[in-house]
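Assemble the whole structure, with the sequences as input and the hints as a guide.
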Amino acid sequence: NAGVTQTPKFRILKIGQSMTLQCTQDMNHNYMYWYRQDPGMGLKLIYYSVGAGITDKGEVPNGYNVSRSTTEDFPLRLELAAPSQTSVYFCASNDLGQRTSTRGNTIYFGEGSWLTVV
Amino acid sequence: KNQVEQSPQSLIILEGKNCTLQCNYTVSPFSNLRWYKQDTGRGPVSLTIMTFSENTKSNGRYTATLDADTKQSSLHITASQLSDSASYICVVRHAGGGNKLTFGTGTQLKVEL
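Chain order of the listed sequences is A and B.
Going by the working numbering, 114 is the number at position 114 of the first sequence; the sequence numbering is gapless.
Going by the working numbering, 38 is the number at position 38 of the second sequence; the sequence numbering is gapless.
Source of the hints: derived by calculation from the structure; they are not laboratory data.
Just so we're clear, the structure is a prediction, and the values are computed from it rather than from any experiment.
Any given hint could turn out to be false.
Derived SDA-like pairs: lysine to any residue, alpha-carbon spacing no greater than 25 Å straight-line [what the hints assert, rightly or not]:
hint, chain 1, residue 1, chain 2, residue 2
1, A, 57, A, 79
2, B, 1, A, 60
3, B, 57, A, 96
4, A, 44, B, 7
5, A, 44, B, 86
6, A, 14, B, 41
7, A, 9, B, 42
8, B, 100, A, 86
9, B, 57, A, 42
10, B, 100, A, 54
11, A, 57, B, 31
A few chain A residues facing chain B, derived, Cβ under 7 Å [as the list claims (entries may be wrong)]:
hint, residue
12, 42
13, 43
14, 90
15, 106
16, 109
17, 110
18, 111
19, 112
Yeah, the Cβ is synthetic: ideal placement off N, Cα and C, and Gly gets one too.
Below, the structure written as structure tokens:
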């Protein structure tokens, strides 16, 4: 039972480089999210998706893009990395509103991806 | 402005002792309040979810309380263990459409021998 899986765990990028953080969940959840966590700050929502083919901006979407071609996968794309994007990124999912929901709306988080832009 | 404030920011206690973490929120309209435990280098893991009508909920040695009138919640940890050392995050969900959450900045707890 893998839950939410993120890769890579750690990555160092140079300014202007691009990369994709991968996220997959095996719980058939409809909602998926990307958060960033900066030191001393609460998690901030970057983008979220309510289902395959549907994505929407969160609080801090600038500099990021997402796609949701399948229920399982929700990759986060950084096109032109900037030092301000140095952070820890968490992918999450839950089954809000689904008929098969049995755990309320507990959100399950991945293990995090540590990204440094230099 | 919808905010979630936690106190204390950090706390050090001896193993076996009890402690209480506080969460005050201004989120409105309110749907539910969650406490998460985040171990260093890991993702947050849910401890409890409390709705408007729930005053107390326990999960093992963790007991959460909610006063929806004063918009305050607490997380009480009994007989602390070294493994309780972590950041404890209070998260409030907004009522209405979508799944908007506001996260507190967390209380960093360290349990020492």
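Structure versus earlier hints, numbers of those that do not hold, lowest first: Of the numbered hints given earlier, the structure breaks none, since each of them holds.
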